[in-house]
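> For this one, chain A is given, so just place chain B on it according to the hints.
For the protein sequence lines, the chains are A and B, in the order given. Each residue of the first sequence is one higher than the last, beginning at 0 in numbering that gives the first Met the number 0. Each residue of the second sequence is one higher than the last, beginning at 0 in numbering that gives the first Met the number 0.
If you are wondering where the hints come from, they were derived from the structure by calculation, not from laboratory data. There could be a bad hint or two in this list.
Claimed, not checked - 30 Å max Cα-Cα, derived DSS-like pairs, lysine-lysine:
| # | chain 1 | residue 1 | chain 2 | residue 2 |
| --- | --- | --- | --- | --- |
| 1 | B | 103 | A | 620 |
| 2 | A | 126 | A | 107 |
| 3 | A | 598 | B | 103 |
What the hints assert, rightly or not - Derived list of chain A stretches under chain B, where covered just means 3 residues or more per stretch with a C-beta under 8 Å from a C-beta of chain B:
| # | region |
| --- | --- |
| 4 | 602-613 |
| 5 | 628-639 |
All figures in this text were calculated on a predicted structure; none of them were measured in a lab. By construction, the Cβ of each residue, glycine as well, lies at the ideal position given by its N, Cα and C atoms.
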Amino acid sequence: MAALDSDSDEDLVSYGKGLEPLEEGERPKKPIPLQDQTVRDEKGRYKRFHGAFSGGFSAGYFNTVGSKEGWTPSTFVSSRQNRADKSVLGPEDFMDEEDLSEFGIAPKAIVTTDDFASKTKDRLQEKARQLAAAAAPIPGAMLLDDLITPAKLSVGFELLRKMGWKEGQGVGPRVKRRPRRQKPDPGVKIYGCALPPRGSEGSEDEDDDYLPDNVTFAPKDVTPVDFTPKDNVHGLAYKGLDPHQALFGTPGEHLNFLGGGSEGASNLLGNVGLSKGRKLGISGQAFGVGALEEEDDDIYATETLSKYDTVLKDEEPGDGLYGWTAPRQYRNQKEPERDLRYIGKILDGFSLASKPLSSKKLYPPPQLPRDYRPVHYFRPVVPATSENSHLLQVLSESSGKAGQDPGTYSRHQLNASKRGQLLGETPIQGSATSVLEFLSQKDRERIKEMKQVSDLKAAQAKARSLAQNAASSRLQSSTPDLGHCSQHPTLGSWSAATRASNFKPFAKDPEKQRRYEEFLAHMKEGQKDALERCLDPSMTEWERGREREEFARAAQLYVSSHVTLSSRFTHAKEEDDSDQVEVPRDQENDINDKQSAVKMKMFGKLTRDTFEWHPDKLLCKRFNVPDPYPGSTLVGLPRVKRDKYSVFNFLTLPEPTSLPTKPVSSEKGQQQHGSDKSRKLSRWDTSKLERKEDSISEFLSLARSKVGPPKQESSPLVNKEEERVPESLSDKTVDKGAASQPEGEGSRPSMDLFKAIFASSSDGKSSSSEEEQDDSENDQEGTEEANFQSSQEVAMVESAVTHTAEPVPCEPAAPFPIQKIQIDEREEFGPRLPPVFCPNTRQKLETPQREKHKKNKEKHKMKKEHRRKREKKKKHKKHKHKSKQKNKKPEKSSSESSDSSDSRSDEEETADLSPRELLRRLKCFPLRKQ
Amino acid sequence: MAFPEPRPQAPELPQKLLKTLDCGQGAVRAVRFNVDGNYCLTCGSDKTLKLWNPLRGTLLRTYSGHGYEVLDAASSIDNSSLCSGGGDKTVVLWDVASGQVVRKFRGHAGKVNTVQFNEEATVILSGSIDSSIRCWDCRSRKPEPVQKLEEARDGISSVKVSDHEILAGSVDGRVRRYDLRMGQLFSDYIGSPITCTCFSRDGQCTLVSSLDSTLRLLDKDTGELLGEYTGHKNQQYKLDCCLNERDTHVISCSENGKVFFWDLVEGALVLALPVGSSVVQSLAYHPTEPCLLTAMGGSIQCWREEKEGGAG
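Pulled out of the complex, with its shape left as it was, chain A reads as follows:
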């Protein structure tokens, strides 16, 4: 609409959205007629209005009743059976749900009733407002309103507010000391003369500044509500005449004064009050001017000048506006001023003193001497033992009171240990952790001796000095000796003196410290007059006494503190191994050589690592397999503790291996073999296997003298095998079987295995080695063999090993110790293969096949030699592989056996081994299975 008529004037503000212009020929829409405006309830049903109440009980399908037929009870339950617990129906049971809704006649929700709502909102108004807001140009206006309306407040607040209270202010009538300026004094006129002005303006200001500390003030602009009950029949706010006031001026004035009547006006405006002061008579609002009244100007309203401020100034600052948080200037007034300002409270008959009372005289505390020590020390107790009984005697003589029974000491004279003793406690054991504990028995005894001697001496010395002191103390009564002389016995102890020696209590005063040390030294030597000697002779008697005391105390203090400290701490129960870490004992070796091995397709020993591995017991159970390590609680790979910060942890290099250092003769190999085996077995599950090993070695040593035949006798199994070999050399199955069988059993530590190993493949080896070890050559042959072997091996090694140390001397005997060391190392760290090993050997042997170079080598040698020699060669091979085999004895054995088989096969067919051999082997598999 606004838009329609405001085509010309732009400054008209238009509200709302203009109606769209009517189309031609269109008739304006008719508003919905009243009868068509319907009200529906939340279910979409028509809502009818019944009578006066919104709900009503009119039956009807659409309104209240659930069915077309009318009202039917939803469920009829006979109440005959359970009449007892039938509940009484209330009116709610018959009401509709609409009645119980928010706007029904019995709303269920608990709402603040209007009486208590913080801001009683007229509902209609509210609605109107909302409508208005909807139509308003600024949509947010409503919101703003809501923001501004205060939060809900309780009725109490509301009431208080109505009474003029504001937060942070006090409640109640405002009582002023000088209300005349601020407060109209309704209905009371001043009679009599005003008081003479008190003080100057300045003092007035000061007065204004006065602020009681713990009072908050009611706001100024509020007239306090009078709570005095109305008990008369006068009109509201009527105040009758006070006869006293009306008739006699003075008492009223007095009252006025005390009650804080107006008086400031007089000060400000000259003696206005004075002129009126003489007026006597009745004045009051309700009355006219009395007969005695001269003036009748302000009858109905006492318009006094005191009502007005005559000075332009800010509000009184200190007045009720500040509570505890008043600015500093108001709070930090000096006391006396306040007192003065409190004049109004001075009682009759009293007057302010003209000068303040002289304050109580303060006496400063006594000056402490420069080196006063606020420490109390206890007189040491001399236990009554046989040793020092005479000392006690002396003491008792000298002091007249020493040597009491310990039990009779007062509480303060006992130390903790004494008390504990009395109570029968067991002494704390911690003190046992003295240095002495770490000494050997002999040393300890020596010390004890010394101590006894020195103790004795010291005790004697003390006794003597005590006696002297006692004597002297009688002479000079002023000496403070009595205290310290009884301390001396404790100082005499050897340990005390020594320990105290590195404790420098007087470090500040080097001279004194020197004397102290001297004193200690004397003490240690058990000199009698230790103290006397070391003291400075130039000092006064008193100083000496004091120093003596100090020294004694210092020595004692140190000792006792040491003891108490040591009694509090104890040794760690477990080793602190923070600098150790658990690492798997066996590490997979460096992959460098493995990679090269893989490149050359030399799988097998070069690429294989074998570890001892402990399966969980439960796992074995579930797999139906006996626990391979029945005794051990270990699970997984065995672990060892290593230095956390050891360099070796950061080296990926495998530990020194046998091969590089290897110039080992075959015997060594043998020996190592044996020890290795025992090692391996015994490390974690020791006993039995090791013993077996020993027996085996014995057996070997026994057997070594006779090379061939005894072995075969010893193990029939081996025997068979050997027989078979020559027979069916070509037969791969047998070969394979022989090779793999020992392998399979190899890692199992059993007697049979060892027999098999030693008997079948390495008997010659073992014999030779044994011989050499014994140094007694029974067998000429054996030695020869050994020599031969060793020399051969050395050659091999030299050729094969690139980066090894020096080749080992050829003599069989020499390498022994070296070898042993090597073994140990191997045990520790495991062997490592030299990367260049293979190519060299190949070159040397100049064999066409690269894969089975070892075989070739063997072949080569074997051709010329017998079985024995073959065996030797095997040893050779073994040497080479020693590094790999380090950990696994059984493996070695298997390898040997396989080698032997290889050699045999080699004998037959020389050249094209590898593929065919493979094939054969492969084909044997099924057979072997069976």
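What follows is chain B alone, placed relative to chain A:
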């Protein structure tokens, strides 16, 4: 025992496509025969595990409960339960008949690449990308594994179990064989990341496939190389390999859509079976018959030998 068996007849190779099943479970991550070879399991990338009769091509049951794709599955010897592991790092033990999850083993820190029952289905062994093998006890209610085998330095790609051995291939290029009876661990260095390992049926050899597109047949006891098989392509994926039912041939998946057959002994490529154009993800060989299952994409193929009569 000592006598060689009569020369085996030339084995038939499964090269006739019998059936192609569209599994409808996303990519088939693995296909596995059950113990007797009558049924097969397919592990889908849609978190389901399905049990099929591959010969008839009927879907028997779908097992859902994994939170991520299923990577491997195995069935127990009595066919009463299944286990599976997947990308949700859990190992699940299923009841075959009801299709319910019996137990869920949580503990792996990474996705579970491979699962195996032990011989009696009392323990589940699971190998995970977290470089551990965990042995879960099916009998007790303990949530922790019986033992953790943490020797590997990299993820475990393959685990196989015999009656007393656990064979595990790891991405660190080693094949580890845990011998429970001997209480020893044999670690063979191969060099290239291992994708799959398996025992030969006679238990004497291990077949190892690695990412250098090579399969190697190793002597189990000594670790010596018995044969090498090349020609296929395996450079990226974890592909399966196996031996045929009589250990005469070595079979491997390939990334070029074929399945390769080599003669075990000669090492010669016998057959390159074209399966499809994409990667053959998984394969399973029937335990007793020349029957091969391959998985490519979202479907599996069932291959039989040429001869019709041979089918059991």
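> Output the indices of the hints that this structure fails to meet, ascending.
As far as the earlier hints go, only 3 is violated by this structure.
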